[in-house]
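Protein chains: 2
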Amino acid sequence: MAEKYAKRELLTLRSSMTQRLAVVAAQTPDLISLATGDPDFDTPRHIKEAAYGSMMAGYTHYQFSVTQELAEAIASYYGKYGVRVDPKSEVAVYAGSGMAIFSALSAILNPRDEVLIFDPTYPSYSAIASYLGAKIVHVPFLKERSLHDAFRPAIETLRRSITPNTKALVICNPDNPTGCLFSDTELSEIAELAKERDFLVISDEIYNEFIWGPGNFTTISKIPGMHDRTIIIMSFSKTFAMTGWRIGYAISSPALISLMRGIPTGAGPCDFMQKAAATALSGPFDEVYKMKSEYQKRIDYCIKRLKEIPGIFCSKPQGAFYLFPDISGLGKPSIDFCEVLAREGKVMLAPGIGFGPSGEGYVRIALVRPIPVLDQCMDAIEKVAKSLCVS
Amino acid sequence: MAEKYAKRELLTLRSSMTQRLAVVAAQTPDLISLATGDPDFDTPRHIKEAAYGSMMAGYTHYQFSVTQELAEAIASYYGKYGVRVDPKSEVAVYAGSGMAIFSALSAILNPRDEVLIFDPTYPSYSAIASYLGAKIVHVPFLKERSLHDAFRPAIETLRRSITPNTKALVICNPDNPTGCLFSDTELSEIAELAKERDFLVISDEIYNEFIWGPGNFTTISKIPGMHDRTIIIMSFSKTFAMTGWRIGYAISSPALISLMRGIPTGAGPCDFMQKAAATALSGPFDEVYKMKSEYQKRIDYCIKRLKEIPGIFCSKPQGAFYLFPDISGLGKPSIDFCEVLAREGKVMLAPGIGFGPSGEGYVRIALVRPIPVLDQCMDAIEKVAKSLCVS
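Top line first, the protein sequences correspond to chains A and B. Position one of the first sequence corresponds to residue 1 (this note's numbering), numbered consecutively onward. Position one of the second sequence corresponds to residue 1 (this note's numbering), numbered consecutively onward.
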């Protein structure tokens, strides 16, 4: 009966792919999952204590807006990146950055509007745009088999993909899964196109604290003329190991923030959640730096291991905490490789095809386990890769 | 610039009405708000401690589903109301019942589908349906100036409003703002229509613990043949004074729950939030009963006070914690009355028109302050009403 009642767009969204891997996961006890970007670190204790104190003080009521304390902490934080944010009118808080992205795209996309999305990238952008009936225009990353700069945004392809129906471009900077950190030049070129051809930029910057270089993180919003046509999407999940807390935010012009607030999804995170978030942003950042240093070690270690595996090539990410090795040398579609690895090696990775058509031939490894566990996972990957090379 | 970029549906959603009252609210210090259904009670301490304990134990990670513990607590809770719920496949958890309603309507409504909504009722149903491009068909409550049964669902009007495009009916049982508790007979008649004319019922039951009678709470889902065509919407907000926690849920057939899960709004409430919710449902309910008894006293007291005010008639609610007095005798539109009361009496109520066209001539009083404060509010209402009667 439900099929008949379904909203039409939903029927096209279902993915047999993830279902296939979900079945394997359910059938495989002791599976180690490196498939989800959920840090193994604990939320810093002072953040938890701030939430508890606020909760005990009775701050458990509806909150339909961002609290002044959190809005000011956000404005001050983005001030460090050169963005002038009016805490009163340019910030909206959401139950996670997923909801912020949903609200941003929902506020602007009409059916048949076109939205430019780099490929491969975080799949929720396409899922939401599809759900809204918009037309997704994939812009493949330029790919090279180099240790650095393996993935670059293809500015010329982007230019050629713009039409009068282009409403927005989504970028993830630094990018999940490719690790691409958009350079100042690339951001300037994108900004020029956005202004010239009049489209918005949704800039998902949730990995901005995890930068490995070369280069530093720059937000496109600080480029002259871009503040009012950029919606920055941010989260506390990755920076502070707060994935479950469901708190994220958006920064944009007062007009766009007001449109986003019009999406009827109910009240936002309450005062005690916002207190935790404000406490996180206000620092100290010691634990963030500890996590960063640990990610750096995991990257170095795993890259070294992957380098020794025949049929696999892995470049160094410039940001975020994923590796995105090229496994095309193993001659198997990414989903099949993941299935074999899960069944035989008891390690789950995310197949590259799940991040867009250009992700085929790759797998994403989330570095969310300690090195001894990652070591075991690398052993498993090596074993499966070798067996495939032989067969 | 933002107007140009807006999704079309959003532009029609903006309400100058609430903006007008928001301006008054901002200009009026010491305003007492009885405009929002946010209980003044504190979340019971054992629920907070459960959240804290879970948070400290590290349950702060992504959770994409309902936890087994919470699903079983929900199944057991609804078991008491005669609904057999499979915890594995028939429950979905959301960041508040607002998100559950959004997901339910988003999962089923295509543009131009028709959705039946009683009038007046909780305005989010219409806001979401409008946003989705569906056609809203208002079914006015039958209204009578009687102390009980002032608002009854108009089954004949409902029958005549059904067309081949009718996809769903939304009911709020007991209803916000009218206090109408749907009787077993009414629910059976609605169920017959739903089965005969093949539409779904979204049944928002978030006030189910606050029943004043006559009659008991029944869920339409337990009527034979209705489980698979009902989506129950529930919340922890009202029952346990957890409005800010943002946790609610839906119960329906596995197929409909699976469709709802397809709405791409990101991860759900994390384990420590779900732990709090499961703890709440598992009891003890002592504090819920205390709140209930206090609401009962507030209702009795305020009804008595309102009875003495010329130009106002207030019936007794059968459920929920609102009064919805008829103020048409005062000769002012509900929004104007609310504006005058806010400016002169420093009390904010919700204008009836905000709940639908048939709400005009009424105001909603949320009984979310202790009796001494409500007493002050009744004084203010009396004073403004008398001044209007004279003028």
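What the hints contain is simulated information worked out from the structure, not anything from laboratory work. It is possible that part of the hints are untrue.
Remember, identical chains collapse to one label, so a pair may be satisfied in a single copy or spanning two.
The calculated DSS-like cross-link candidates involving lysine-lysine, where the alpha carbons are at most 30 Å apart (straight line), are [stated by the list, open to error]:
(1) K88 <-> K346
(2) K143 <-> K383
(3) K135 <-> K386
(4) K88 <-> K4
(5) K4 <-> K195
(6) K195 <-> K346
(7) K222 <-> K4
(8) K135 <-> K4
(9) K332 <-> K88
**OP:** Identify every previously stated hint that the structure contradicts and give their numbers, smallest first.
**Re:** 3, 6 and 9
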